[in-house]
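Participant: Here is how the chains run, residue by residue.
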Amino acid sequence: MKKTYLIGLLALIAAIAIIVSASKDVSTYATFEAATLNNTRVKIAGQIDKNFDIKYDPVESPNSFSFRMVDSDGISKKVIIKKPKPQDFELSETVVVTGEMQDETFVADEVLLKCPSKYKDEELKLKSEASLAS
Amino acid sequence: MNSDIQYIGEHLLPGIFGHFCVILGFVTILFSIVSYYNASKSELDNKGTWTKFGRWGFITHGLATFGIIAMLFYVMVNQMYEYSYAQAHVSEDLSMKYILSAFWEGQEGSFLLWMFWHIILGLVIIKKSGSWEAPVLMFVGIVEAILASMLLGIHIEIGDFIYKIGSNPTTLLRDVFAAPIFEKADYVSVISGTGLNPLLQNYWMTIHPPTLFLGFSSATIPFAYATAGFFTGRYKEWLDPALKWALFSGGILGTGILMGSAWAYEALSFGGYWAWDPVENMSFVPWLILVAGIHTNLIAKSTGRAIRSTYIYYTLTLILVLYSTYLTRSGILGDTSAHAFTEMGLEPQLIFLVGFTALVALYLYIVKSSIIPVFKKEESAYSREFWMFVGALVLFFSGAIIAASTSLPVMNAIVGIFDPEFTGTVIKDPIPHFNKFQIWTSVLVMVLSAKAIFLRYKTEYFSKNQKVSFAKTQLIHAAIAAALTGLLSLWINYYHWKYIVLGFCAFYTMTSNFAYLVTKAKMNLKMASSVFAHAGFGIMIIGVLTSGLNQSVVTTNPFVMKGLIKNKDLASSVKLIKQEPFFVNDYWITYESDTIEGKMRTFKIKFEKEDKERGNIDPFYVYPNILFSNDLTKVAASNPDAKHFLGKDIFTSIASLPQSQMDIKFAKEEEDSLKYVTYTLGIGDTIFTKENYGLIEGINFDPQHSDYLEHTNDIGMGVTINFKSLDGEYDEVIETAIGVRENMLYQYPEQINELGLKVRLNEKAFDNYFSTEDKLEYKVFHLQQGESFFYNEEEYILQGFDKEVQNKNYIPEPDDIAIQAIMIRKSDMVTLKPIYIIRDTKPSNIKDYDIKMGVHMRLMKIDPVNEKFSFMVAQDDRSNTDIVLDIAENVKRNDIIVLEAKMFPGINLFWSGACLMLLGFFMGLHYRRTEKKRS
Chain A
1 MKKTYLIGLL
11 ALIAAIAIIV
21 SASKDVSTYA
31 TFEAATLNNT
41 RVKIAGQIDK
51 NFDIKYDPVE
61 SPNSFSFRMV
71 DSDGISKKVI
81 IKKPKPQDFE
91 LSETVVVTGE
101 MQDETFVADE
111 VLLKCPSKYK
121 DEELKLKSEA
131 SLAS
Chain B
135 MNSDIQYIGE
145 HLLPGIFGHF
155 CVILGFVTIL
165 FSIVSYYNAS
175 KSELDNKGTW
185 TKFGRWGFIT
195 HGLATFGIIA
205 MLFYVMVNQM
215 YEYSYAQAHV
225 SEDLSMKYIL
235 SAFWEGQEGS
245 FLLWMFWHII
255 LGLVIIKKSG
265 SWEAPVLMFV
275 GIVEAILASM
285 LLGIHIEIGD
295 FIYKIGSNPT
305 TLLRDVFAAP
315 IFEKADYVSV
325 ISGTGLNPLL
335 QNYWMTIHPP
345 TLFLGFSSAT
355 IPFAYATAGF
365 FTGRYKEWLD
375 PALKWALFSG
385 GILGTGILMG
395 SAWAYEALSF
405 GGYWAWDPVE
415 NMSFVPWLIL
425 VAGIHTNLIA
435 KSTGRAIRST
445 YIYYTLTLIL
455 VLYSTYLTRS
465 GILGDTSAHA
475 FTEMGLEPQL
485 IFLVGFTALV
495 ALYLYIVKSS
505 IIPVFKKEES
515 AYSREFWMFV
525 GALVLFFSGA
535 IIAASTSLPV
545 MNAIVGIFDP
555 EFTGTVIKDP
565 IPHFNKFQIW
575 TSVLVMVLSA
585 KAIFLRYKTE
595 YFSKNQKVSF
605 AKTQLIHAAI
615 AAALTGLLSL
625 WINYYHWKYI
635 VLGFCAFYTM
645 TSNFAYLVTK
655 AKMNLKMASS
665 VFAHAGFGIM
675 IIGVLTSGLN
685 QSVVTTNPFV
695 MKGLIKNKDL
705 ASSVKLIKQE
715 PFFVNDYWIT
725 YESDTIEGKM
735 RTFKIKFEKE
745 DKERGNIDPF
755 YVYPNILFSN
765 DLTKVAASNP
775 DAKHFLGKDI
785 FTSIASLPQS
795 QMDIKFAKEE
805 EDSLKYVTYT
815 LGIGDTIFTK
825 ENYGLIEGIN
835 FDPQHSDYLE
845 HTNDIGMGVT
855 INFKSLDGEY
865 DEVIETAIGV
875 RENMLYQYPE
885 QINELGLKVR
895 LNEKAFDNYF
905 STEDKLEYKV
915 FHLQQGESFF
925 YNEEEYILQG
935 FDKEVQNKNY
945 IPEPDDIAIQ
955 AIMIRKSDMV
965 TLKPIYIIRD
975 TKPSNIKDYD
985 IKMGVHMRLM
995 KIDPVNEKFS
1005 FMVAQDDRSN
1015 TDIVLDIAEN
1025 VKRNDIIVLE
1035 AKMFPGINLF
1045 WSGACLMLLG
1055 FFMGLHYRRT
1065 EKKRS
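Residue numbers (the working numbering), protein chains in the order written: chain A, 1 to 134; chain B, 135 to 1069.
There could be a bad hint or two in this list.
Said to hold, decoys possible - Pair ranges (Cβ atoms, derived):
#1 B:K824 with A:T94: 43 to 49 Å
#2 A:D57 with B:M230: 39 to 45 Å
#3 B:I711 with A:T94: 33 to 39 Å
#4 A:K55 with B:F822: 54 to 60 Å
#5 A:T94 with B:I945: 54 to 60 Å
#6 B:G558 with A:K55: 29 to 35 Å
#7 A:I54 with B:Y810: 36 to 42 Å
#8 A:T4 with B:E555: 40 to 46 Å
#9 B:I157 with A:D57: 32 to 38 Å
#10 B:V635 with A:K55: 43 to 49 Å
#11 A:T4 with B:H1060: 32 to 38 Å
#12 B:I157 with A:T4: 47 to 53 Å
#13 A:S21 with B:K511: 32 to 38 Å
#14 B:K654 with A:T94: 56 to 62 Å
Hint data in this document are derived by calculation from the structure and do not stem from the laboratory.
C-beta: ideal position from N, C-alpha, C; glycine also.
Bound-form chain B, shown alone (with noise of 0.2 Å):
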C-alpha cells in the first residue's frame, strides 16, 4: 500500500531484524524436530550428531525468539509507533514499570512470553535429561512450532477467502490499516500511541501473566516425557522426570491462577475472588487434570499400574491448554464472560493446533500402548493406589464437568453449523450451576484423602485386627471433623445441609491428614507434602465457607425492608455525601475527602462500629479509588480497596459517581444546562437567592481556590464571599476566582453542594479591574539611580540595579546583557523590578506589575554617558469596582460517591489453605529431587 510514497521518520530496520527472527525462528524449530527425531531413532543418530543438530536448532530458535523479543522492546521503548504492536501498546505517558505489562497485553507478546519459557525449560532438558533429551525436546519442539506459527503473519488468498497463519508482531503500522493518515509521508510525527489499558497499569499485571505462562509451558513437560516414553518404547523410565516435572508444572500453574484471583479480588472490581468465568475455569481445568496425573504418576511409580491413564491425563493436560487457549483468543466466548478478547482471526489456525497436538497423542497411544504390560488382577480395594485411582477419577470428572459447561458456545457453534436457525443457548446462572456439582467432587475429594493416605501401596488383604484398627482411627478423626464443624458453626452459617457435609469433610480430610503426619510420618518430609497438599485444600474449602457462603453486603440500604425485594443483592451500594456519616449494618460511613493525582482519584473513607456508651469506636480507612482513561476524559476503571483483619476483610469499591464526575462529556453538558443569574456587586453588598443570602467580604489577588493553586497562573483574582442559609444551619465562606495564563482566561467556579449553588466570578469583574496593554497609558521617567518621582501622588524610588537577573518570563541566552531595575514604592515598600535587555545588538525589555495597585513598570533606555534611566510607567484603570457575579441554583450535588462494601469473614483461611496446598507441590518436588542422593 501506498508503495510510491516515501516516508520520511520511519525506523525500517527493527522491523527487518524482526521479521527475520520470526522466520529464523520457526524454520531452525522444524529444523530442530526432524534433527531430534533421528536422533531419537537411535540407529540413525550416529555418535550424537542429530542429537547435536537438533539442540543447535533449539538454541539458534532460542536466539530468534529472543531476537525477537529485543526488537519488540526496542520499539515499545522507543515509542516507535510506526511499528503497530508499539503504537497498540504503549503511549508517551505509560510509566516504564509497566513496559513489561505493556509488552504481554497483546496475544503475540504473549505467546512469545509462553515461547521464552519453553525454551528457557529446553535448556534445563539439554542440562539435565541425558537421554531423554532428543525425544523430549522433540515433543517440545512440536509446541513451540506451534506457538511460533502463531507469530508467522502470512496471509493466503483461496478465492474470496483469506487464511491468515499467525500474526506478526513486528508488522508496520500502514501495513495493518488502511486509514487516510498514511497518505502523508511524514505520518510517524502526528500518530500517538494508544497506551496500555488502565485497568492493567498495576502490579498484578507484571506479575500474573509471567507466572501463569510458566505453568502453561511447564505442563508441556509432562505432556513430552509422556509422550517420548510411548514414542521411544520407554515405557517405565519416563515416569519419574514427569513426576518431578509435573509438581513444578501443578505448583506454578497452581500459584499463576491464585494470582489472578487474588488480582480480581484486591484490584478489579469483580467483588471476590473466584466467578466461575471462563477464562478462570479454562485455566483451572488443565490444572486439574494435571493433578490427575500427578496422582496416577504416583500409583505408576510404586505399582506399575495406571501407566495408561498417567499418559492421558498429560496429554490431555497440554490439549487443554491449547484448548483454553483457543476458547479465550477466538471471541468464540462471547456473551457469556466478563473479560474482553480480540480477534485476530486465527480461529481456524487454532482449531487445527488443538486437534494436531490431540491426533499426536492419540496416534503414539494407539500404536504404542499395546507395549504396556496389563495386570491380570485388579487393585485391592485395601491398597493406597485403588483409593487414588479413584480419586483422579474424581478430579478428572470435576474438570470435565467444568470444560464441559464452559464450552457451551462451541456446542452452540457446532450446532450452528448444521442448523443456521439455532440461536444457541446459555447457563442462566453459571455461579449456582458450578458450585452445585463441584461441592460434590471437593467432598469426594476430600473423603478420599483423609481415607487413602492411612492404606499402603500393595496391599491385598487386610487382617480383622487391621480393619478394626482402621475403621477406629477414621472413626476418631470423624468425631474431632463433626465437633470442629459444630464449632464453626458459632462463626458461621451453613444454610444448607450440603454446606454441613463440606465443611464435615473439609475438617475430616485436616485432621486425618495431621494425625497421619504425626502418628504414622513421624513428621517425615516425605509425606509432608501430601499430607500439606491435601490439608491445605480442606482449610481452603473451610475459607470458601466462611468468605464465600458467608459474605455480606455492609451496604444495604437500611431502608429497604427484608422480603420485599426479592434478590437480596438489589441493593448492594449506598450513597454517600461528602463529610456526612451514614449507617448501615453496625457501620458509621464517612466520605471523608478526596485527592486527585495523575489518573487515580482516591477517596478516603472512615468506618466506625457504634458504641451506645463510648459513641463511636474502632475507626478505620479504606482509599478505593478510581483511574481515568488515557485522555482523562472519562472514568476508565473503578479499583477497591480492602481492610485487612484477621477474621476478616472488609472490601469497598466505588461503584458510581455523579455523572459529571464521571465523564467529561456530562459534565459539560450540566454546565451548560445551568441557568447562571449575574449579579453586579461592591464589597459589603450582600447577595439575596431564592433560600439564602451571601455577603461579599473581599477582593484578593492571591486567590486560595483549590483548582487555582493546582496551576501557575501569571495573575489572577479571587472574591470571598459569606453565604448562609435562611435557616442558620450553613454559614461558611467560600471563594470564587479567575486567572490568566498565556492569555487565557479561566474561571474557578465554586460549587456549594449544601446549598445547592454555583458561584462564578465573571469576566467583567476581571475587566474592571485589569487593562490590557492596549488600554494603558504610559508615562515617561528619566532618573539617576537614587532619585526619586511621583506618579499617581506614590512616590518611586530608584534603589539600583541587579545583575541576577530573575524574572519567569525572561529565559537567558548567551552573550545577552540584562539588567533589572529595584524600584521601591514609597508608601507600602512595594519593590518592581522591571528589566532592561540587550540580545543581538537589539534592546528590548520585560515589564514589571503589581497587582495590588495595579502599576505596570517598563525600563526602556539606558543613556550611560549621563547616566540617565528612562521608566514608563502605568496604571490598570480600577475606577468601576464592581464585582460582577454568574450565580445558578438547583445545582445538582457533586460531591456524593456510590460506595459498595462487602464483609469477607475468615478470607484468609482461603488463601493460607490454598498457599499451604501449593507448598506441597514444591515440598513434593523438593523431595523428589534430593531423594536419590540420600538413597
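In isolation and in its complexed conformation, chain A is listed as follows (with noise of 0.2 Å):
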C-alpha cells in the first residue's frame, strides 16, 4: 500500500476519533429544570434577576456569592458561585453558570459574564440629559 494512503487513513480514523471524542464534551445550554432531571454538570446562560439582592460578604465568606437567575424558560431559582465575585457582575447582561443543581439551588464553579458593549451609549445618554437639566 502507498504510504500516502496510510498516512489518509490514518488521519481519517484520527479525525473519526477526534469527532467522537470532542462530541461528549459538548453540551446544549440547560435550563433549571433538565438540570433538575438529569443531575449532571451542566452549563446555564441566564439573566441575573434584578428583583433579588447579589449578596456577598467578602468579610464572611469570601470565596462565594449568591444571586437569583433567570434562565431561558423564564425560570429563577438561587444560584450559588463558589467564587469571590467578579467586578461588574452586576453590569452584566448574561451570565454563563457551570455546575450542578443541589435541591432547589443551583450551585456553580465557573462564571463567564457578558458585559454590554452598549453601555457606553447609555452613558452619553445619561451625560446629555443630566447636562440638558442643568
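Join these two chains into a complex; the hints should help.
Facilitator: Encoded structure:
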C-alpha cells in the first residue's frame, strides 16, 4: 500500500476518533428544569434577576456569592457561585454558569460574564440628559 | 440630523480631510490593484508603465492612510469630542503615554494599524522584490482594499434593511448618536470623553497590538507570493522569497501571541498564560498553519515536492487571519469568551470578505495547479521530506481541531438558520477539551522533529549499516530523554501516564536536536535555527508541565479538608486582615499596608516561610493593585503581581475587597445604615460603649488624620481619644477631625476595625469652637507703628509692615497697592498679618486668623496724614467647650482583602523555551537572507 494512502487512512481514523471524543465535551445550554432532571454538570445561560439582591460578603465568606438568575424558560432560581464575585458582575447582561443543581439551588464553580458593549451609549445619553437638566 | 442648528465650537476641517483620505485611500488602492494586474500580464506592461501606475497608486494609498491616522491623532490629542472616535477613546485625564493604546483600542484604529503595516511591508517589496512587485502587490492590494473598505462607512438602505459597509472613524458624534444634547448649539463645550478602559492602561496595550498586527500583516506576504506564483505561472520562483517572509511572519506573529500571553499572565487576573480563550485560539491557529507552510516550503525548495501544500497552507493562513477577525469582531462568540466584543454591524461584510479571499485562492488553485509537475514516485520513508510533510500535516490537524471547537458558535448560528428552535451547543469545560487533543499533537510534533532532523532530503534507501547507526543514535537519545524524564519527577508530579509520555517526548526532541547540532551540524548556524525552534518547543512543553500541570494554589483555606469538597479550586483565596499574619501552605502572609495614588490602590503584602528554629525567614513582598474606574466611583480592574524566583513564580491578585471599598454606592449605603449615637463631653471625660471605653485626650487645630492631610483645608480641628477594650487587648489613640474648605464642612471619621467602632466629630463641636463672620462682634482700634492695644486681656503690638504680601487668599493683580501689617501678641508671640489692598482705587482687606485663640483681625483703614492705622478685632465665642462625637458600633471591617496566590513552578522554562523557539525563526530568516551572498 502506498504510504500516502496509509497516512490518509490514519488521518481519517484520527479525525473520526477526535469527533467522537469531542462530541462528549459538548452540551446544549441547559435550563434549571433540565439540570434538576439530569442531575449532572451543565452550563446554564441566563439573566440576573434584578428583583433580588446579589449577596456577597467577603468578610464572612470570600469564596462564594449568590444571586437569583432567570434561565431561558423564564424560571428564576437561586445560584451560588463558589468564587469571589467578579467586578462589574451587576452590569452584565448575560451570565453563563457551570455547575449542578443541589436541591433547589444551582451550585456553580464557574461563571462567565457578558458585559454589554452598549453601555457606553447609555452613559453618553445619561451625560447629555444631565447636562440638559442643568 | 439637526441640520438647521448652527453648532458652535466644532472643528469640522479635520473631519473633512479625514473623510477625503478615506475615500482617496480606497480608490487609489483599487487603482493600484488594476494597474498591477495589467503589469502582471506582461504583454500589457509596455516599458513598465503599468507597474509605475500601480506603484504610485499604492504610494498614494499609503499617504492617504497616513492622512487618516494623522487626522485621528490630531482630534484625539486635542480632545475634540465632536468626533465620535475621540469621544469614545480619550478623556481629559488620559495620560499622553496611552494615546497609542487609545488609538488602537477601537476597531477602526486597529484596522488602520493593520493597514499601516501592509503599507510599510508593501514599500519594502517595491524596493526589494524586483519582478515580483506587480503580482505580489496586486494580491497585497486586494487584502488592503478589504481592510480599507472596513473604514468606508457607507449605509445602503434596501427596504427595511440597512447594510453597513465599513465604519468610518472620522464621523462626528452627532451623526452617530441621536441624543437630546445635540439640540444645544454649544454641545461641544459640555460633553466629555469616555476615555480608555483602565484595564488597557498599561504598557502591554502599547506593544502587544502593533506586534500582533505586524504578524497579521506579514502573513499576507506569503499568501501574496503563493497566489502571485500561481497567477504568473512562476510556480517555483516564489518559494524562496515566500519562505523568508513566512519566517519573518512566523517569528513576529509568534512574538505577538506570546506577548498576549505574558500580558494575560502578568497584568490581567486571568490566572495563567493560556486559557484556550477564543481570542487566543484564533490568533494561534493561523500561526500553526503558517508553521506547517514553512515546513512544506522547505521541502519544496529542496526537492520540488509539496508546492501545492505550501500554497494551500499559506493561503489558508491568511483566510484564517481574516476569519479570526470575523469571529472576534462580530459578537458571534457571545457567551464563550471572557473578552468583551463590540458589534459593529459589519458581519455580512466580514463574511463576504473572508469568502472572497477564499474564492480567489481556490480559483487560482483550480485553474493553475495543473502546471505544477506531479512526481510519479512518492517520498521515501528514509527521506527528511517525508517526515516533515507528516509533521506539517500534524500541525494542520492541530490547528483544525482548535479552529473547529472555537467555531462552535458559528456552527450553532448556521444550524439556527435552518432550525429556529435550536438553542445551540457549547463546550462544557474548554480547557480539558483542548488539552486532551493538543497533548497528542505535541507528542507527534516532538517525535517527528527529533527524528526528521537526522534524515537527509531525497534519501531513497538506507543500507543495513545506516539503519543500525540511525536506530542506535535514536535509542541513545531516547535513553537520555527517559533519564531526564525520571529526574524531573523528583521536582514535579506527572499525575497521569500521558503526561509522562509528553515529558519524555519533550526531552527526546531536546536531546536529539542538541545532539544533532553538536555531532552532525558541527555548530553550523544553518541548522541551528531549526534546532533552536524544535528544542525550544520541547523546553516550552516542559515549562507547561511544571508551571501548568503543577501550578498550585497557595491560598487554599486550611480549614477546608481535602475530599470534603469535590472541586479543589473552590477555596482559592483567603481573607486577610490588615497587619494580622495568616498561615497557609508553608507561608505566613501579612497584608501590611496600602497606598492610593491616582486611580490605583496598591497593597503591600508580605510572605514569609515558617522555620521552627529561626522564626519566620526569607520574607518577600508582592504588590498587587486595583484600579478604579475613570470617575473613581468603583473598582474597574484588579492587577496581579508576581514575585519571580528562578525556579518558580508566586502570583498574587486581589480577588475582592469589602463592598464599601469597591463601590462608592455601597460605601454610602453602608454609612447610611450605621446607627450613630451622639455623645457630648469635655476633655478628660470618658466615653463608654458596650465593650469599650475611650478617654478624650484633647483638641488640636492641626489634625493629623490621614484623609485630612490629603486635602488643604482652610481651618480644621481634631479630637484625640484613647480607646481601650475592656479586656485590655486594644489600647490606641485615634483622631477624628473636621475641616472647612471653600465654605464646606468635611468630616473625617475614624474607623476602629478591631473594636467595630466608627467615630465622627459632630458639626456642633465645630460650631462650639468657630464662629461664623456674621456672629463676630468686631472692635476697632486706631494706632501707629510701634504702639499696642489690649483686647480680651491680651496685648497686641503693631511691629511693622511688609510690602511683600504673602497670603493664599490674596491673588495679586498688576497695579494693586497692598500692604501687610505685622501684629504680635505679646503673651505667646503669635503673629497676625492682616492685609489692606487698594485695587482700581477701591480699598478692601483680607483678614488674618489665629486658630489657637480664635482671633480675627482686619486692617480697615490707613490714615496717611496722621500715620494711623485702624484695626478691627473679634474673637470666636468659645464659652462652650463641649466636644460632640457621633459613635457607631458593630461597624463592618473595612481593612480586609481577599487574596488569591498561586505558585507556578518552572514558569521560566515556558518563557525561555518559547523565546528560543521564536529565536529559531529569526535565525532562519537571517541565515536565508545572507545565504546568497555567501555562495
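Participant: Taking the hints in turn, state whether each one holds.
Facilitator: Now the hints, each set against the structure:
As the Cβ distance of B:K824 to A:T94 is approximately 47 Å, the hint placing it in 43 to 49 Å holds. At about 41 Å, the beta-carbon gap between A:D57 and B:M230 stays in the expected band of 39 to 45 Å. B:I711 and A:T94 have their C-beta atoms about 36 Å apart, which keeps the hinted 33 to 39 Å range intact. Checked against the hint of 54 to 60 Å, the C-beta distance between A:K55 and B:F822 comes to roughly 35 Å, which is inconsistent with it.
A C-beta distance of roughly 55 Å is found between A:T94 and B:I945, which places it inside the suggested range of 54 to 60 Å. Checking the proposed 29 to 35 Å range against B:G558 and A:K55 shows it holds: the Cβ atoms sit about 30 Å from each other. Hint check: A:I54 to B:Y810, Cβ distance near 27 Å, so the stated range 36 to 42 Å is violated. A:T4 and B:E555 have their C-beta atoms about 44 Å apart, which keeps the hinted 40 to 46 Å range intact.
At about 58 Å, the beta-carbon gap between B:I157 and A:D57 misses the expected band of 32 to 38 Å. A beta carbon spacing of about 46 Å between B:V635 and A:K55 agrees with the range 43 to 49 Å that was offered as a hint. Here the CB-CB span from A:T4 to B:H1060 is close to 35 Å, well matched to the stated 32 to 38 Å. In this structure the hint that B:I157 and A:T4 lie 47 to 53 Å apart at CB holds, the actual value being about 52 Å.
Here the CB-CB span from A:S21 to B:K511 is close to 36 Å, well matched to the stated 32 to 38 Å. Distance hint for B:K654 and A:T94: a CB-CB separation of about 58 Å, consistent with the stated range 56 to 62 Å.
In summary, the structure is inconsistent with hints 4, 7, 9 from the numbered list given earlier, while agreeing with the others.
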